[in-house]
Amino acid sequence: MPTDLHYLAILPEIITAATGIAIMLLDPFTAPQHKGRLGWLGVAGLLAAGVAGAAQSGRTMTAFGGMVQLDSYSVFFRWLFFGVSIGTILISLQYLKREGVHHSEFYALVLFATTGMSFMAASVDLILMFIGLETVAISTYVLAGFKRSDPRSNESAVKYFILGAFSTAVLLYGIAFLYGQTGSTRFDRVAEALSAQGPSAFFLVGLALLLVGFGFKVAMAPFHVWTPDVYEGAPSPVTAFLAVGPKAAGFAALVRVLYSALPDMENHWGDVLGLVAVLTMTVGNVAAITQSNIKRLLAYSSVAHAGYLLVGLVARNELGISAVLYYAVVYALMNLGAFTVVVIWSGAGETRVHLSDYAGIGFRYPFLTGCLSLFLLSLIGIPATGGFMGKVFLFAAAVQSHHVGLVVIAVLNSAVSAYYYLRIIVIMYMQEPAAQVPSVEIPVPAAVALVLAALGTLLTGLYPSALLDLASRSVLAVR
Amino acid sequence: MVPLNYYLILGALLFSVGALGVILKRNLITMFMSVELMLNSANLTFLAFAREWNQVSGQVLVFFVMVVAAAEAAVGLAIVIATYKNRKTVNADETASLRD
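Going down the list, the protein sequences come from chains A and B. To convert, count from 1 in the first sequence and add 48; that's my numbering. To convert, count from 1 in the second sequence and add 38; that's my numbering.
These are computed hints drawn from the structure, not numbers from a lab. Only a predicted model underlies this, so the values are computations on that prediction, with no experimental measurement involved. The beta-carbon is built from N, C-alpha and C at its ideal position, and this holds for glycine as well. Just so you know, not all the hints are guaranteed correct.
To be verified - Ranges of calculated distance between the beta carbons of each label pair, as one might list FRET restraints:
id, chain 1, residue 1, chain 2, residue 2, range
1, A, 402, B, 89, 36 to 44 Å
2, A, 327, B, 89, 36 to 44 Å
3, B, 54, A, 482, 50 to 58 Å
4, B, 102, A, 397, 21 to 29 Å
5, A, 236, B, 89, 20 to 28 Å
6, B, 108, A, 397, 44 to 52 Å
7, B, 98, A, 488, 49 to 57 Å
8, A, 450, B, 108, 42 to 50 Å
Use the sequences and the hints to build the structure in full.
Dropping the structure here:
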């Protein structure tokens, strides 16, 4: 019996998983019209897990035979994931009722995915990282196909599943080679073996397969092709979740594995990721220009933003990783916010997702469109928003490490992105509305999520130092 | 004793067959089985290395992967069945309506 299990180190994950199971168990005893209560139970569980995580901040310990590491880095990402999941549940409560798919499995699956994401950020072992990733993936396959009788949702789930499973296999094959070369799956042992042996062929194969696997998971070009289809077909709150949660978790695990397990190959992965960053930003932004469906547009925009995040990784300095953490939070706020507006405005059956459906609604729904405009401006990177500060930190880190060319391309890309984000604002405020503007009611939980996201976007833009300090303290655990 | 390389080559071949299957085949069930083949080739590689290192941990890993693969199979088949119910086909090209 191993003595270093330390269940306390994974208390937040235990709470989220147990809440998920409790929701499943309580489901048969809950009347159909009261399913929302189980959603609130999920929110309560996530808040409790957040408190448990807060109680652990400042401590550093490893648990489960060196598989889990509790440090400021995992605490930082836990809070992000819990926040994202709370936001997702808040915007889903009314949506699920509206679409006639109010099954409480939805909330349970969000909690299970959260557990997986949390483990991904905390894992210092390739196998735990893999299992965390799969927990997220399997939960989100179901979520993408949650509207069972909607063929578009089916198709989204099929595409996500086939490509997700494919990338899982590639990732696992890469892990097998790293294990074969080093005799261990623990990050520290892999790093030791790497510095002793130098980058041999198996290391290179393992790294390449690992990068391809992660490339699919976080939608880096050229492995991003599934993104628009999956994001368009999935239920909108799930799209919001996919674009924010699993992507941030993918980056959390990628940063940890590259810096803790493969630091001596940084020239190899640094060069590859530099090229991938350029490709990802450009492909995402150029493809977004021609989109007429707002979900597809935001899907391509999320591809582009993965490219910006990669710039911070390529910088390979402390500011770079802090900036990745900072931008992950800001990106979560503005993207969740933007998708919340999409969820509310799309109406029953998600019929209003075309850009032309937004024509002229600017002055009829000042709250909705005002918030959406703020999020879009932040996505462009207009000063006084979190998106601006995030990009400043990312690009400053890259300049610090003399990647000036990369920064020039990234800034040009931001300029391109301004075109399609501003177009939405122009459509909302300057075009003639349709003959009769449909009336939508704004559910209270979604409005709360919207206000919180808007406040977060503004606060991170106006007072960036608090979050940046937190991020840079968290980074020390990785480097 | 069979040398390590033989296992690795077999694993690589199986992995390639699986990857090609996913890319070339259009039947969702066949694509899904090809993915399983890829996972199992990774398992074979794990086992070969575990024997080379004379470790139990590598063999235990394979059990984890098998559990994951089983969970994935359950979800994947459910998704394919849901698609079949709505579209009456499991051909990937015929079910595709989302595109640019």
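Hints, verified against the model:
Distance hint for residue 402/A and residue 89/B: a CB-CB separation of about 58 Å, inconsistent with the stated range 36 to 44 Å. For the pair residue 327/A and residue 89/B, the beta carbons lie near 40 Å from each other, so the given range of 36 to 44 Å is met. Our hint of 50 to 58 Å for residue 54/B and residue 482/A holds, since their Cβ atoms are close to 53 Å apart. Residue 102/B and residue 397/A have their C-beta atoms about 41 Å apart, which leaves the hinted 21 to 29 Å range violated.
Judged by the Cβ atoms, the range 20 to 28 Å given for residue 236/A and residue 89/B holds: they are separated by roughly 24 Å. Range check, residue 108/B to residue 397/A: about 35 Å between beta-carbon atoms, so the 44 to 52 Å window is missed. At roughly 53 Å, the beta-carbon separation of residue 98/B and residue 488/A lies within the given 49 to 57 Å, and the hint holds. Distance hint check: the CB atoms of residue 450/A and residue 108/B are about 49 Å apart, consistent with the given range 42 to 50 Å.
Checked against the numbered hints above, the structure breaks hints 1, 4, 6 and satisfies the rest.
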